[in-house]
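Protein chains: 2
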Amino acid sequence: MKESPGVVDLLGVLAYAELSAYARMTEDAATLAPSLADRAALSELAITEYAHFRLLRDRLTELGADPDGAMAPFVSALDAWHGQTRPADWLQALVKTYVGDGIALDFYREAARHLDPSIVKLVDEVLVDEERSKFAVEQVRAGIEAQPTAAGKLALWARRLVGEALSQGQQVASVRPDLALLLMESLGEGQTDISRLFAKLTEAHNKRMAAMGL
Amino acid sequence: MKESPGVVDLLGVLAYAELSAYARMTEDAATLAPSLADRAALSELAITEYAHFRLLRDRLTELGADPDGAMAPFVSALDAWHGQTRPADWLQALVKTYVGDGIALDFYREAARHLDPSIVKLVDEVLVDEERSKFAVEQVRAGIEAQPTAAGKLALWARRLVGEALSQGQQVASVRPDLALLLMESLGEGQTDISRLFAKLTEAHNKRMAAMGL
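Line order of the protein sequences matches chains H and P.
Position 43 of the first sequence, counting from 1, maps to 43 under full-length UniProt numbering, and the rest follow consecutively.
Position 114 of the second sequence, counting from 1, maps to 114 under full-length UniProt numbering, and the rest follow consecutively.
Same shape as in the complex, but just chain H:
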């Protein structure tokens, strides 16, 4: 394969994203779930994230990289993202899981697009979110049905999540040029492609919002 210097960065940021998503979802489950059954359901999804972390860590080791070293540059940005987007209730936690992570994952997938097929396969595997999406969508729809006034506040919350994600993403890109380069390479050259990327991300985001009834 054409070894891209951004690959270790990409797997590193993804690994820490999964490890921190696991911890955050576990905490949200323990503190915000309205029932023990819901708590268990979100915990199951958290553990899936941990399994993804494991895959990424092992692949980093296979590539001869030190997983801790690969994750380290991204710890503060991702911790800051979680610190600035602490959900206040159960529905906010689910919207965060679905929308916030969703937009981040779209970026990662895009960055991986032109890498070695085995990396693309791994990234696709860890970015699968069917179960998580299904659970979040069902719960949020039911929540809005029970309390229609919640929809407006949740829509605002989703907008804030996207804003914070973009702001952290820019910071990461500025300190890790190799990672930014991956994304640029996958885009090809020229303004048109950047516009196309943003159109694609926005479309995916709007689909998620619509799925939740927001």
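There may be inaccurate statements among the hints.
Stated by the list, open to error - Just a few of them, taken from the derived set where beta-carbon distance is under 10 Å, the chain P residues facing chain H:
1. E27
2. A40
3. S43
4. P177
5. A180
As the list claims (entries may be wrong) - Far from chain P by the CB rule (all over 12 Å, computed), these chain H residues:
6. D68
7. A72
8. Q84
9. L105
10. R109
11. E131
12. T149
13. R160
14. G163
15. L166
16. G169
17. A173
18. F198
For the record, the hints were derived by calculation from the structure and aren't laboratory data.
Quick reminder that beta carbons are idealized off the backbone N, C-alpha and C, glycines included.
Put chain P on the given structure of chain H with help from the hints.
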């Protein structure tokens, strides 16, 4: 089998103990681990606790009990235990995992001793703690070697954990007489056996302290 009314209580308290241990260990790993590798190691142990929770929940369902209902009476006591014993650093977290949970598990194992063999087997399975013990013991011993003055404080911390565990245990026993009865039945009658139980628990506790070099 001779259906004991305490069985659902026992599996319920164990299930919630595992579910809350999972959440607490995950949080301790995320906030107190000195490295990402240590964080992953403690997270792995947390996920094992969750797997135990799953086994207990499924058994409750098989017995025709509602898992949430079976766990509910124990939520506040176990949450109080965790709230009152928040570790301040990594070594305190590991001592808590090993010593605090250890003494609680000794009680559960004792309570299960005369139940149906399939229940005894399940309880033994979820109470296995080899991996957790090994990790905690190694880390605490290394920590004390690096900083010998830490030993005295950790010994005090362990004593506090045991005190809090006994106090929460008494509260649970007073509101769940069926569970207390299980323990009494397993003891047989008379003061001698209670003394023997306490001698046994103390011995196991002292062994754990010695293993850590405390």
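The hints, checked one at a time:
no., hint, verdict
1, E27, "holds (6 Å)"
2, A40, "holds (7 Å)"
3, S43, "holds (6 Å)"
4, P177, "violated (23 Å)"
5, A180, "violated (23 Å)"
6, D68, "violated (4 Å)"
7, A72, "violated (7 Å)"
8, Q84, "holds (16 Å)"
9, L105, "holds (21 Å)"
10, R109, "holds (24 Å)"
11, E131, "holds (16 Å)"
12, T149, "holds (28 Å)"
13, R160, "holds (23 Å)"
14, G163, "holds (24 Å)"
15, L166, "holds (24 Å)"
16, G169, "holds (21 Å)"
17, A173, "holds (22 Å)"
18, F198, "holds (32 Å)"
Figure legend: structure checked against the earlier numbered hints; hints not met, in rising order: 4, 5, 6, 7.
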